[in-house]
Amino acid sequence: MSAPPGEEMHSEAFLHRLMREQLRLSVACAATFCIALLGLPLLNYFFPQFMAKRVFGFTLSWFILGVLFFPFVWIIAFVFIRRSLALEQKEIQRAQGPQ
Amino acid sequence: MSLAPFFAEGSSSVIEVLKRTDPWILCFSLLTVVATIWMGFWSARKSKTASDFFVAGRAVSVGWNASAISGEYLSAASFMGVAGMVMKNGYDALWYPVCYACGYLFLLLFIAGPLRRFGAYTIPDFAEGRYDSTLFRKIAVVFVLFIGFFYTMPQMKGAGTTLAYIFPGLPYWAGVVLVGAIITLNVALGGMKGITLVQAFQYWAKMFAICVPIFVLMSVYGGYHQHLAANRTSVDAPALMETDHSVEGREVLRKELPPQAPRDQPWISPFGSLTTKAAAKAGLTPKEQRPYSLLYTYSLIIALVCGTAGLPHILVRFYTNPDGVAAKRTTMWVMILIGVFYLFPPVFGVIGRNWLPDLYAASGAKGTDKIVLELPRILNEKYGPWGSVLSGITCAGAFAAFMSTFSGLLVSMTGALAHDVYGRMLRPDATSEARLKAFKVAAVLVGTVAVLLGTCVEGLDINFMVGQAFAIAAASYFPLLFLSSWWRGMTMTGAAAGMLTGGLLALGGITLTSVSDLAHLQGLDTFWRHHPMVRIFSEQPAIWAVPLAIAVMVVVSRLTSSRIPSDVRMKMLVLHAPEKLGLKQEYIQEHHSGH
Chain A
1 MSAPPGEEMH SEAFLHRLMR EQLRLSVACA ATFCIALLGL PLLNYFFPQF
51 MAKRVFGFTL SWFILGVLFF PFVWIIAFVF IRRSLALEQK EIQRAQGPQ
Chain B
100 MSLAPFFAEG SSSVIEVLKR TDPWILCFSL LTVVATIWMG FWSARKSKTA
150 SDFFVAGRAV SVGWNASAIS GEYLSAASFM GVAGMVMKNG YDALWYPVCY
200 ACGYLFLLLF IAGPLRRFGA YTIPDFAEGR YDSTLFRKIA VVFVLFIGFF
250 YTMPQMKGAG TTLAYIFPGL PYWAGVVLVG AIITLNVALG GMKGITLVQA
300 FQYWAKMFAI CVPIFVLMSV YGGYHQHLAA NRTSVDAPAL METDHSVEGR
350 EVLRKELPPQ APRDQPWISP FGSLTTKAAA KAGLTPKEQR PYSLLYTYSL
400 IIALVCGTAG LPHILVRFYT NPDGVAAKRT TMWVMILIGV FYLFPPVFGV
450 IGRNWLPDLY AASGAKGTDK IVLELPRILN EKYGPWGSVL SGITCAGAFA
500 AFMSTFSGLL VSMTGALAHD VYGRMLRPDA TSEARLKAFK VAAVLVGTVA
550 VLLGTCVEGL DINFMVGQAF AIAAASYFPL LFLSSWWRGM TMTGAAAGML
600 TGGLLALGGI TLTSVSDLAH LQGLDTFWRH HPMVRIFSEQ PAIWAVPLAI
650 AVMVVVSRLT SSRIPSDVRM KMLVLHAPEK LGLKQEYIQE HHSGH
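First to last, the protein sequences are chains A and B. Note that the first sequence covers residues 1 to 99 in my numbering. Note that the second sequence covers residues 100 to 694 in my numbering.
With the rest of the complex left out, here is chain A (with noise of 0.2 Å):
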């Protein structure tokens, strides 16, 4: 830490743009997750001749949940990860940015 926080991180302004900038990125993934979470039920509701299909002997909609979610969800993991890093890094300089 080279230089110290200055006043606008004080700032009201500063913590309602931080919140919302984080909140913003946590919201479009957890969409993205909640997606395809919650529409795979209905899929099966309204699809289930559809999702009863066979791929490698699995059913579609077995080899979704069964073995396709898990590397999805490691998309947005680290798609989130690397984004609020780079949040990160620009809320810092702005912190210190004037300095």
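The set of hints was computed from the structure by calculation and includes no laboratory data. Among these hints, one or two may not hold up.
Unchecked claim - Once the Cα atoms are required to be at most 20 Å apart in a straight line, the calculated EDC-like pairs of lysine to aspartate or glutamate come out as:
id: 1; chain 1: B; residue 1: K679; chain 2: A; residue 2: E21
id: 2; chain 1: A; residue 1: K90; chain 2: B; residue 2: E678
id: 3; chain 1: A; residue 1: K90; chain 2: B; residue 2: D422
id: 4; chain 1: B; residue 1: K354; chain 2: B; residue 2: E480
id: 5; chain 1: B; residue 1: K670; chain 2: B; residue 2: D224
id: 6; chain 1: A; residue 1: K90; chain 2: A; residue 2: E21
id: 7; chain 1: A; residue 1: K53; chain 2: B; residue 2: D363
id: 8; chain 1: B; residue 1: K380; chain 2: A; residue 2: E21
Keep in mind the model is a prediction, meaning the values are calculated, not measured.
Following the hints, complete the assembly by docking chain B onto the known chain A.
Same frame as chain A, now just chain B:
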């Protein structure tokens, strides 16, 4: 508690039990128990105090820490319960492993970051720090105990089931008492602290024990997909011929299903026996059951995802990273490690359905919950003792699973009882000697209650019980942590009111359904039959309890908005500003000079 009534029947029954014991299985299990206890004491000697654990632990590398978090997370439910439940209920039970792993994402997105920056090690710490209220701390402590007991019950069932399998003829309760007593004694004597090395070792032991037997089984008896393909549905036959040439002609063998087993179609399809149970008992037609089933599925998903995000004992380990960047990298690895692990238990359930269907006919400790332990033994038919060796390995993994989780829970619950209830509420002026004694007494007390509760739940599935504990956490801790981190307007009164309303109502509903299932209460059974919706809402309360808790928190906080902590902006800044800005130190200094 003692084993006297069992052993009083004479030493001949003991010898009888030992005669029927498979030496390989016994050998591997004993090795795990001894190794775990030895490692616990060995590392407890190395780090004496709680602050050692937190502060010195900060030097832990990402790989070790990720393994340790994963080791702590995978309990008897993950190791034994998931497989048993997939075997019993098919597709519907798949939601459990998936949501256990995915709930971690929610934790990462909304809660882990702020809590780490705030520097609260436990939920009571957070409750007190965020609202400057010792009263709220006490309320949070009570919930640690509630959820803790719900979470110990399935671990005890795991212990009882495993011992009843290793020593055929040993009654279920004796296994629970024996394992409970050993771990309680161990914790009371100071072993089994949450040490990184032990927990990391536990993860790799569990991973080895789940994947090696399954690869051997698959190479001998056919793959995951082939065993699933053996379960035919009404839409199957043509699709199989057209698309899946790899399976055609290489059908796996399967044994005949007993009448208690679900048929292929409901087992492999969504909305099967687990989610339609209540509606089926009410005598509804399969078509009428479907909406109920969808509702049940959603409630289960909410409970598991939000419950994971509200599980307190996992959060602690985020502090054992040197900085926020390492903490995030650790989380990524944790998600990969537990995700890979969760691919395997369902395979046991699927192969178990085809090769050990006899388990469907049994119940309690002899039922599907022991499939992970017993399945490798089918190899004995072809390859002599190798099946027993592999079965010994899965038993060792099961021991690692319930021992690590039970001792972790026991330590945190005993800590809550001795530190908060005794040290802060009952006798604030107690000497350190008295406190140490209180810790030991509390350990024995908590262990005894856990064992007593554990002996009552033989009839419930391990995994199902863990799901119930998650539902209570989802309705109490999750709204608290989520809103406290992201909403400035929250007051202590609002937080406490919401947490108590959601948590206690969920607890009540779950206790009611579990008791009525175990005791077969006539009046309640009739009531459930007439009101399947009420039954689903009590058994899986998350779908209404989580929004209710959030609503109560918002409404009560608005009504008491004059009591928002005066330095809320600073608190929010600490929760959200990057750690590198050093706000936490600034906050602590201000806070202390203010008193």
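Cross-check of the supplied hints:
1. K679(B) / E21(A): 18 Å, holds
2. K90(A) / E678(B): Within the cut-off at roughly 13 Å; holds.
3. K90(A) / D422(B): 17 Å, holds
4. K354(B) / E480(B): 14 Å, holds
5. K670(B) / D224(B): 14 Å, holds
6. K90(A) / E21(A): 11 Å, holds
7. K53(A) / D363(B): 15 Å, holds
8. K380(B) / E21(A): Answer violated: K380(B) to E21(A) is near 49 Å, above 20 Å.
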